[in-house]
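Protein chains in written order, with the numbering used here: chain A, 1 to 265; chain B, 1001 to 1212.
Don't read these hints as lab results, they were simulated from the structure. Since this is a predicted model, take the numbers as computed values, not measurements. Note that the Cβ used here is the ideal one computed from N, Cα and C, for glycine as well. Do not take every clue at face value.
DSS-like, lysine-lysine: derived pairs with alpha carbons at most 25 Å apart [stated by the list, open to error]:
| no. | chain 1 | residue 1 | chain 2 | residue 2 |
| --- | --- | --- | --- | --- |
| 1 | A | 14 | B | 1165 |
| 2 | B | 1184 | A | 14 |
| 3 | B | 1130 | B | 1165 |
Example chain B residues on the side facing chain A (calculated, C-beta under 10 Å, incomplete) [as the list claims (entries may be wrong)]:
| no. | residue |
| --- | --- |
| 4 | 1101 |
| 5 | 1106 |
| 6 | 1107 |
Derived Cβ-Cβ restraints for the label pairs, each shown as a range [what the hints assert, rightly or not]:
| no. | chain 1 | residue 1 | chain 2 | residue 2 | range |
| --- | --- | --- | --- | --- | --- |
| 7 | A | 231 | B | 1139 | 50 to 58 Å |
| 8 | A | 151 | B | 1077 | 36 to 44 Å |
| 9 | B | 1081 | A | 13 | 51 to 59 Å |
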Amino acid sequence: MMIIVAEKINTSRKSIEEAVRKRDAAFIIRIAREQAEAGAHFIDVNAGTFVDQETGCLRWLVETVQSEVDLPLSLDSPDPRALSAAIRLHKGEPMINSISLEEDRFQSLLPVITSHPCHVVALCMAQTSMPTSIEERVEVGSELVKKLTGAGIPIERIYVDPLIQPVSVDTNMGLAALGAIKEIMQKFPGVNTICGLSNISFGLPERRIINRNFLSLCIFSGLSAVILDPTDKQLMTALLATEMLTGRDEYCQNYIEAYQNNRLI
Amino acid sequence: MSEFQVLSEAVIKGDVNTALAETRKALDAGSNAQEILDNGLITAMNEVGDKFSKGLLFVPQMLRSAKVMQECTKTLQPFFQEGDVTSKGKVLIGTVKGDLHDIGKNLVSMMLEGAGFTIVDLGVDVHPDKFAEKTGEVKPDIVAMSALLSTTMPSMPQTIEALQKAKLRDSVKIMIGGAPVTEKYAREIKADAYGSDAGTAVNKAKSLLGID
């Protein structure tokens, strides 16, 4: 079954930004609970828009969500300092979102992720450039997997993010991501691949349609974890149907159960 | 209606064949290159930018139009005469230190070029000192910075500081943009303008230089 990281608690959403600013715990808890009930395995928390107050906001989010919802969180920031502060407060084993090959980011996060049990998102971003082809993505992903396993992180806890780039700018970007997912899954048995869905549709109309269809293709390519809004019923229906069609739903149980619980749309 | 309406429409539609044919036709009919550039091509790209900002056109359409304009400009190149004002101004652009994202920066560059600006693109992960050094060298009218991460936004005020130190701050206008960047942030760091998208960036650049 696909590992679902629920994306809604992100301060780039206006309502979340406001709730964090006002320290409105009830609102944040409600969003977390809705996502948990919709099938999330991790609740992502991101306070990136607060810039220099990001660390404080992230800490508050960790404490607030975990006070009421019994799920691990995905601590989401490009800033190693915010992540190290948040991981210390977190109960259980969080997902660290994310590390990359960028030297500063890698070096400052490595001691943090090796001293706390956690899941690690390894973003295919190289030191000096963003990969464009399948080959570049696989190369950066492989180096990350090797470095992380070398540092003692079990391969099952590594989630390679192939770095999704918009098809609006280059129509090969869909295939580049899908090909990378497939190759990385084949090359490193046991590793996970993960991605968000919205970057693919930047610059295009009706983005939800694009995101939903991209999810199906990702699943077919072997994606094992995904960052999305699990309260989006159409998206979750596409996920269940595609998992079933690709042999990832024994006896079609998840799909049928979703139907019986009125969750298909 | 402009005498280059068919040309403009072809640029907006991204129809390279018609646009090139119309460009040649206009040259043959005796129009001068400057006129074709201003009233045929740049006019069209302005409309593309406006429609994009309003959500009526999308990124691939904008890219296609920009490409058509580039092709037509190549055809015009040998026909520019001395004294033609082929550039509306010079923009030095780059993604700030620590940040490797180039898509937004490239879209802005392309639309500025479409509006008749000359672009000097420093690429990604551009150190504040590099911005300052190049500003001294190429003497741009505008320095434009992009950041896509909240963690790299502080490189923007650092770059402004580097320009101040080099005593170049007052000789340029500063424009910023990128997903986490806001109008408010632009004011805080004393940048001169904020562009929320590629179309808006062009309008801001024009008003900074008092064009239109």
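Cross-check of the supplied hints:
no.: 1; hint: A:14 to B:1165; result: violated, 37 Å
no.: 2; hint: B:1184 to A:14; result: holds, 15 Å
no.: 3; hint: B:1130 to B:1165; result: holds, 13 Å
no.: 4; hint: 1101; result: holds, 7 Å
no.: 5; hint: 1106; result: holds, 8 Å
no.: 6; hint: 1107; result: holds, 8 Å
no.: 7; hint: A:231 to B:1139: 50 to 58 Å; result: holds, 53 Å
no.: 8; hint: A:151 to B:1077: 36 to 44 Å; result: violated, 55 Å
no.: 9; hint: B:1081 to A:13: 51 to 59 Å; result: holds, 54 Å
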